[in-house]
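> Sequence:
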Amino acid sequence: MLFRSAIDANAGAGTAVEVDRWANGGWEVHLCSLPITGFALASPDGLAIRTSRIATWTVSGTPFDGPLVSSLGTGWSLISARAPVAPMTSTALLAQLADRTPGTTPIVEVARWQAGQWESTLVGLPVNRYDIESARAYFVRAPAPFTWAIP
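If you use the working numbering, the sequence shown corresponds to residues 14 to 164, in order.
In case anyone wonders, no lab produced these hints; they're calculated from the structure.
Glycine included, C-beta positions come from ideal geometry on N, C-alpha and C.
Be careful, since some hints might not be right.
As the list claims (entries may be wrong) - Label pairs and their in silico Cβ distance ranges:
1) Leu135 <-> Gly86: 13 to 23 Å
2) Leu135 <-> Thr75: 31 to 41 Å
3) Thr75 <-> Trp131: 30 to 40 Å
4) Pro139 <-> Ala68: 20 to 30 Å
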């Protein structure tokens, strides 16, 4: 896998240990030590990469310039806002989505992995507000399927 080679090239062989992606409501796992596992990268898939040490991965290429639309299923979906994203908090993101579909709540929770634990913001609860960062993965929970034009 190309990203495993890029991480290992920057931080040393064996640095990339595992790459996981969220697909169809569950995790798909690629163990870097096994050549028989793996999957193709596809936008807007989110990835979780486990390394054996601190590593830097520099991504290059041409930025996508069209509308980025994601179809979210019932339950949890993994999303990411593309760069640059206007300053926005998790509570503002939930409110913005609710404003686009009056009378409904398309997303009821947004969660991120922070400091070794999950941090969630729920609709209607002003606690746990945090900044939404571009190119960072977030889980969103929807009570029904929803199509979202990602900011």
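> None of the hints should be skipped; say for each whether it holds.
We went through each hint and held it up to the structure:
1. Take Leu135 and Gly86: their Cβ atoms lie about 19 Å apart, and the range 13 to 23 Å holds.
2. As the Cβ distance of Leu135 to Thr75 is approximately 37 Å, the hint placing it in 31 to 41 Å holds.
3. Between Thr75 and Trp131 the CB atoms are about 34 Å apart, so this pair conforms to the stated range of 30 to 40 Å.
4. At roughly 36 Å, the beta carbons of Pro139 and Ala68 sit outside the given window of 20 to 30 Å.
Violated hints amount to a single one, hint 4; each of the other numbered hints is respected by the structure.
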